[in-house]
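Here the protein sequences come in this chain order: G, E, S and H. Per our numbering, the first sequence starts with residue 1, numbered consecutively. Per our numbering, the second sequence starts with residue 1, numbered consecutively. Per our numbering, the third sequence starts with residue 1, numbered consecutively. Per our numbering, the fourth sequence starts with residue 1, numbered consecutively.
Keep in mind the hints are simulated off the structure, nothing from the lab. The structure presented is a predicted model; accordingly, all values stated were derived computationally and were not measured. Just so you know, not all the hints are guaranteed correct.
[Unchecked claim] Lysine-lysine pairs mimicking DSSO-like chemistry, simulated, CA-CA at most 27 Å apart:
id, chain 1, residue 1, chain 2, residue 2
1, S, Lys164, S, Lys371
2, S, Lys54, E, Lys122
3, E, Lys152, S, Lys251
4, H, Lys5, G, Lys310
5, G, Lys178, G, Lys80
6, E, Lys152, S, Lys223
7, S, Lys270, E, Lys152
8, S, Lys293, S, Lys344
9, H, Lys76, G, Lys306
10, S, Lys372, S, Lys344
11, H, Lys117, H, Lys135
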Amino acid sequence: MVQSILGGKGRVWGYGGIIVLILLPLFLPRFYIYLTSLILLYGLFATSLNFALGYGGIYQFHHAVFYGVGAYGAALVITKTGLSPWLGFIVGPLASALLSFVMGLICIRLSKLYFGMLQISLGSLVWAVIYRWYGLTGGDDGIHGIPMPDIIATPNSAYYFTLIVTAASLFVIHRMIKSPFGSALQGVRDNAVRSEMIGVNVKRHQLAALVIAGFFAGVSGALFVVVDTTVFPDMLFWTFSMEVMIMCLLGGWFTFMGPMLGAALIVLLRTFISTFTVYWALFLGLILMFVIFFLPDGVLGFFQKKMKQKN
Amino acid sequence: MDFIYSFISPGFLSQILVGLSRTVILFIVASGLSLILGVLRIPNVFHGSLYMIGAFMSYTISVAFGGGDTGFWLALIGAPIGVALISLVIERGLFQYLYEREHLMLILFTFAISLVFGDLVKLVWGAEYKSVPVPQVFQGFVSLFGGLPFPKYNTFLLFMGPVVAFALWLLVTKTKMGKISQAAAVDREMVGAVGINVSWVFATVFVIGCLLAGLGGALVAPTVSVTLGMDHSLIMEGFLIVIIGGLGNIWGALLGALIFGLTQSLGILIWPQFGIVFPYCAVIVVLLIRPTGLLKSTW
Amino acid sequence: MKKTTFFLVFAVLFAGCFILSHTASAANTIKVGIVDTFSGPASTYTLDVLDGFKLAIEKINAKGGVLGKKIEYTTRDEKFKPDIGAAMAKELVLKENVDILMGTINSGTALAVSEFARKEKIPFFVTYSKSEKIIGEKGHRYVFNMNENTEMAGRAAAVALAKKPFVKYWIAGDDYEYGHAIADAVWNNLKRLNPKVQQVGQSWWKVGEPDLTPYITQIMAAKPDFIIVATGGASMVNFQKAAKATGLSQKIPFYQHTGTELGTLLSQGKDAPEGVYGTSNFLFYFPDTPANKAFVDEFQKAYKRYPKASAIVGYMTGQFIAEGFKKAGKVDKEAFINALEGLKIDSPVGPLAIRACDHQLELPTYFGITKKDTKYPFLVSTENQIIAPKDYMPTCEEVLKHRKK
Amino acid sequence: MLQVKALTKTFGGFKAVKDVDLNVKKGEIVAVIGPNGAGKTTLFNLITGILKPDSGQVFFRDQDITGLPPYVICKKGMTRSFQIVNVFQRLSVFENVQISVMSREGKTWNLFTPSKKLLIEDTDRILDSVGLLGKRENISGALSHGDRKVLEIAMALGGNPEFLILDEPTAGMAPEETERCIELIKQLSDKMGLTILFCEHDMELVFSISERIMVMVRGSTIIQGSCEEVRCNEAVQDAYLGGSDVCLM
C-alpha cells in the first residue's frame with residue numbers, strides 16, 4: 001500500500017508540521033509568508049492533479065484549466081457581480097468541477113495519451129475563450145486588484161486562510177484516497193481491465209475522480225486569488241500544466257505528500273535560482289532531468305523506499 | 001453577402017495554395033514527431049526546440065556564407081544535419097536508458113530538455129531577432145488567377161512537401177531500416193529476439209525524426225523572423241496533427257497537416273476574426289468521430 | 001534514520017532561505033528592482049531597456065551618485081508569466097528591500113506589479129508595456145509610464161494618417177490585447193479626425209503565427225487603400241517578410257506602430273520592405289541633434305550596437321530616477337514622487353516631462369516611411385515628421401475619467 | 001448455465017473465433033483446449049464482455065449478456081482470471097481482494113469511510129481459502145509468479161461468483177505450485193459449488209479435473225464432449241494430441 005504521510009509516524013509529522021506552519025508568521029519575514037502561501041496553494045493544486053494522475057492513472061495533461069477556471073470564477077464573481085466574495089470562493093471551484101465533468105464526459109472514452117491530447121485541445125479552447133473575451137475577462141492583461149474581504153486582506157490572514165483551506169482540502173483528499181472509492185481508483189490505475197472484471201465501472205470512477213480533482217484545482221485557483229488578488233490567462237496555459245506535473249513527479253507521484261513537497265521545491269528553486277541568474281529555467285530543466293533519471297519515484301518516493309528497505 | 005463573395009473570389013484558390021505551403025512545414029515537422037512517437041513511443045516535446053534550433057542554425061550557416069544563395073542551400077543541408085547530430089548525442093547519452101519508462105515520464109523529460117534548450121539557444125544566439133534572406137531565385141512572387149500574388153518561395157515549399165513525403169515513403173517501405181522500425185513499432189521484443197540491434201534502430205529513427213524537425217526549421221526560416229519562443233507555438237500544433245492523424249502514422253501526419261493547414265487558411269476566408277479557432281475545432285470533431293485518429297495508429 | 005536525513009534536507013533549505021534573506025543590502029544605496037522578460041522573443045527589446053538604464057546609472061554613479069548614494073539595480077527574469085513576475089516583484093520588495101520597481105514588457109505583469117506597488121507604496125516605472133490601463137483605468141500615485149501607450153501611439157498615427165488621401169482601410173493584427181488596443185486607437189482617432197475614412201474588413205491572427213501569407217492574400221483580394229497592421233514583437237518582422245514576399249508592400253501601403261523602428265528593421269537587413277509607414281518614439285539617427293548623437297555614441301561604445309527605441313526608455317528612466325531624488329533632496333518615496341510630478345529633464349530626444357496628473361511621460365513620436373540607406377546595412381525611417389506631445393496626447397481629463405473612483 | 005451460440009469475432013480479416021457453440025451446466029468443470037492461437041482467450045474475452053462479438057449470442061442463466069460491459073456481467077455472477085497476470089501491482093494482497101469484495105458489496109462509491117475498516121473478515125476469509133493469508137500485507141507486484149496467479153483467482157472469488165472462468169491458471173507455475181493450484185480448483189468446485197470454465201495447456205491437469213472438454217482449432221470448435229470422447233477423437237489427435245495411443249490410456 002502506498003504509505004500515507006511519511007510512513008508510520010505520519011500523524012506525528014503531520015501535527016508537527018501544522019503547528020510549525022501555524023507559528024510561522026511569528027518569526028518569518030513577510031516575503032516568506034507569501035512564499036509559503038504560494039507553496040501551500042500550488043501544493044494543493046498539485047495534490048489535486050495527483051489524485052487523478054498518481055492515484056487514478058488518468059493522463060490529466062491540462063489540469064491548469066481547472067485551476068484557472070476556479071480562479072477566474074472567483075475573480076469574476078467578486079469583480080463583476082455585487083455578491084459576497086465568499087460566494088465567489090464557492091462558485092469558482094464549482095465551476096471547475098462542472099467544467100471537469102463536461103470535459104471528462106467528452107474525453108473519458110479515450111485512453112492514455114489520446115485522452116491527454118484531447119484534453120489539451122479542449123483546454124486550449126477554454127484558454128482561448130478566456131484569452132480573447134476582453135469584455136469579461138480582461139483578455140491577456142487579466143484582472144488585477146481584486147478586492148478581498150477585510151478578514152483575509154492582510155498577508156498574514158491570507159496565509160492563515162490558505163493554510164486552513166489547504167489543510168482541510170488535503171484532509172478530505174486523503175480521506176478519499178483511503179476510502180473504498182480511493183482503493184477502487186487505485187485498482188483502476190493499476191489495471192483497468194481487471195477492475196472491470198471484478199465489477200468496477202471504470203469510466204464512471206475515473207469521471208468522478210476527474211470531477212474531484214477539478215474541484216480541488218478550482219479551490220487552489222481561488223486561493224491564488226486570495227493570495228495574489230490577480231488572475232491571468234497564463235494560469236490556464238498548457239505549459240503551466242506541465243509545471244504542475246513536474247511538481248508531482250519531483251515530489252513523488254505515488255505518495256500523498258509528494259506533490260506538496262514538489263511544489264515547495266519548485267517554488268523555492270525558482271525563487272532562489274532566479275536571484276542569481278536569469279537562466280533559471282535551464283537549471284530547473286537540468287534538475288528535473290536529474291530527478292527523472294535517478295529518482296523516478298520522486299524525492300519523497302525515494303526516501304520512502306529507502307525507509308522501507310531499512311525496516 | 002461577404003461570406004458568399006469570399007467564396008467566389010479568386011482569393012479562394014490562392015488561399016488553398018497558401019494553406020498547402022503551410023501544410024508542408026507542418027507535415028515535415030509532424031512526420032518527424034510521428035515517426036518518433038510510433039517507433040520509440042516518445043512524445044517528444046523538445047521537437048519544437050529542435051525546429052527552432054534548425055532555424056537558428058540555418059541563420060548562422062547562411063550568414064557564414066555571406067547571406068547569399070550558397071548560404072541558403074548550404075543551410076538547408078547543414079542545419080538539419082546539425083540538429084541530427086544534437087539529437088544523436090541526446091539519444092545515445094540520455095534516451096537509450098529511458099525507453100522503458102512510462103510515457104508521462106518521457107513527456108516530462110522531454111519537456112525538461114525543452115526548458116534547457118530554450119535557455120541554451122538564448123545563450124548561443126542571443127535575444128536579437130534573426131532573419132534568413134530568401135535566395136535570389138525565390139524572391140518576389142508569381143501572379144495567380146485574378147492577379148493575386150503567390151510568393152515564389154512558397155512554390156518551393158509546395159515542391160519540397162512531396163519530395164520529403166516520397167523520401168519518407170522510400171525510407172519506411174523500401175529500406176531494411178524502415179521495415180525493422182515498422183516491426184519494432186508493433187512488437188519490439190520480437191524484433192529484439194530475432195537478433196537485431198534494436199537500440200541502434202531506435203537511435204537511427206530518433207535521429208531521422210529530429211532531422212525532419214531541423215529541416216522544417218531551416219525551410220521556414222526565410223519566411224519568418226527567427227526568434228526565441230518559436231518552438232512553443234509549433235509543438236502544440238505538431239502534437240495535435242499527430243493525434244488526429246493517428247499516432248505514429250506518417251501518412252496520418254500528412255493528413256493531419258492538410259486538415260490543419262487548410263482549415264486555418266480557409267477559416268480566415270470564412271470568418272477572418274476567428275480563423276484561428278478552426279483547426280482546433282477540427283481536432284475536436286475528428287477525435288469525437290474517430291477517437292484514435294483518422295488513420296491506423298501503430299499504438 | 002532516513003527521516004532524519006529528510007528533515008536535514010528541509011532544515012538546510014530553510015536555513016538557506018534565511019541566510020539569503022538576511023544578506024539584504026547596506027543602506028547607502030538606492031536599489032532598483034527590475035522585473036522583466038529577459039528570455040523569449042520579447043528580450044530583444046527588454047535587453048535594450050536594461051542596457052539603456054545601465055548606461056544612465058553608470059554615468060550617474062560615476063559622478064558620485066545621487067544625494068551621496070549610488071544607484072544599484074537587480075534583475076529578475078519573469079519569462080513573460082505574470083504570476084511569476086508578481087511573485088518576483090514581491091521578492092524584490094520584501095526580501096531585497098528595493099526602493100524602486102521597474103519593468104516590464106508584459107502588460108499583465110505590469111498591471112499585477114502595479115497593483116502590488118500601490119499597496120506597498122513603492123514607485124514603479126513601467127518601461128515597455130504599452131497598455132493604456134497602466135495610467136488609465138488602473139492608474140494610481142505610485143505608477144509611472146515611461147514610454148508611449150497604445151492610445152498615444154494610435155493618436156499619433158491618426159494625426160499623420162488623417163492628412164493622407166486613403167479612404168478604404170483594412171485592419172489586421174495580432175489577436176491579443178495589444179493588437180486590438182493599437183488598432184482601435186488608430187481607427188477611432190482616425191475616424192474622429194477624418195470622418196471620410198471607411199473600414200472594409202479585419203483579420204486577426206494568433207500571436208506567434210509564423211506564416212502570415214494567407215492573411216495577406218486575403219487582404220489583397222479585398223483591395224483596400226491602406227492597411228492598419230497592429231502587430232507586436234516578432235510578428236512585426238513576420239508581417240513585413242510576408243508583405244515583401246507577396247508584393248503587398250509595393251501594392252498597398254500599410255502602417256505598423258514601431259514598423260520603422262530599428263528593432264523591427266535590424267534583423268531583416270536590406271531585405272525589409274520599403275515604403276512601410278510607421279511610428280516610433282526614438283530613432284538613433286533622427287533627429288540629428290548633439291544630445292541624440294552623444295547618447296548613441298555612448299551606447300555604441302558600451303555595447304557595440306545601435307540603440308533601439310527601448311534603450312532610450314531605460315536611459316530616461318535612469319535619468320528621471322536620479323533627477324527625482326535630486327529634486328526631492330532626500331531618499332523618501334513620497335517626496336520622490338512629488339518631485340517627479342511635472343519634472344522636466346534634458347533627454348537625448350530633447351526636454352521631456354512627466355505629466356503630473358497621470359504620471360505619463362510626454363514624449364514626441366516620429367512618423368516616417370522605411371527606405372534603404374547606403375550608410376547602414378538595414379532600412380531606415382525617412383520623411384520623418386515629428387509629432388509633438390501636445391498634438392497627440394490624450395488630455396488629463398480623458399485619461400482620468402477611466403480611473404475608478 | 002452458460003450457453004454460447006454461433007459466436008464469431010474477426011480482427012481485420014482474421015477470424016479469431018468462428019461459429020463457436022458452448023454449453024456449460026451448473027456445477028460442471030469444463031475445459032477448453034487447443035493449440036496456441038486457437039482463439040481460447042478471445043472466446044473468454046467475448047464471453048466476459050471485454051470484446052464485443054461480430055455475431056452470435058451469449059446467454060448466462062438464460063439472460064442474454066451479449067455485448068454487455070464486463071462490470072455488468074461480473075455483477076451477474078460471472079468472473080474470470082487472466083492468462084497474463086493482471087493484479088493491482090502497487091497495492092497489497094489484501095487490498096487487491098478487498099477491492100473486489102467492496103465492488104461486490106457496491107461500496108466503491110463510498111468516499112469517506114476508511115477502507116481499512118471495511119469488509120476485513122470477508123476478505124480475510126477468501127485469502128485464507130486460497131492460502132494467501134500469510135502474505136496479506138505484501139505488495140502484490142512483488143509476489144512470486146505462482147502466488148500472483150493464485151491472487152488472480154482470489155480476486156475473482158471476491159465477487160462471490162457462481163461461474164468462474166480461468167485462463168490458463170497454471171501457466172508458468174513450478175510443479176509444486178501447479179499441484180497446489182489443482183487442489184484449489186477442485187476445492188472451489190467441490191466445496192463452494194462453483195461452475196468453472198477454464199483453458200489450459202497442461203493435459204495432465206485438464207484430464208484430471210475437467211468433466212467435459214471443448215477443443216478449439218483455428219477459431220472453431222472441433223468437438224465438445226466428455227474426456228473419453230475427446231481423447232478418442234481422431235481429429236483431435238491429428239490436430240493436437242498427436243498420437244493414437246493416448247486413447248488407450
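Tested hints:
| no. | hint | verdict |
| --- | --- | --- |
| 1 | S:Lys164 to S:Lys371 | 19 Å, holds |
| 2 | S:Lys54 to E:Lys122 | 21 Å, holds |
| 3 | E:Lys152 to S:Lys251 | 17 Å, holds |
| 4 | H:Lys5 to G:Lys310 | 57 Å, violated |
| 5 | G:Lys178 to G:Lys80 | 40 Å, violated |
| 6 | E:Lys152 to S:Lys223 | 21 Å, holds |
| 7 | S:Lys270 to E:Lys152 | 19 Å, holds |
| 8 | S:Lys293 to S:Lys344 | 20 Å, holds |
| 9 | H:Lys76 to G:Lys306 | 44 Å, violated |
| 10 | S:Lys372 to S:Lys344 | 36 Å, violated |
| 11 | H:Lys117 to H:Lys135 | 19 Å, holds |
In the structure shown, a violation is registered for the earlier hints numbered 4, 5, 9 and 10, in ascending order.
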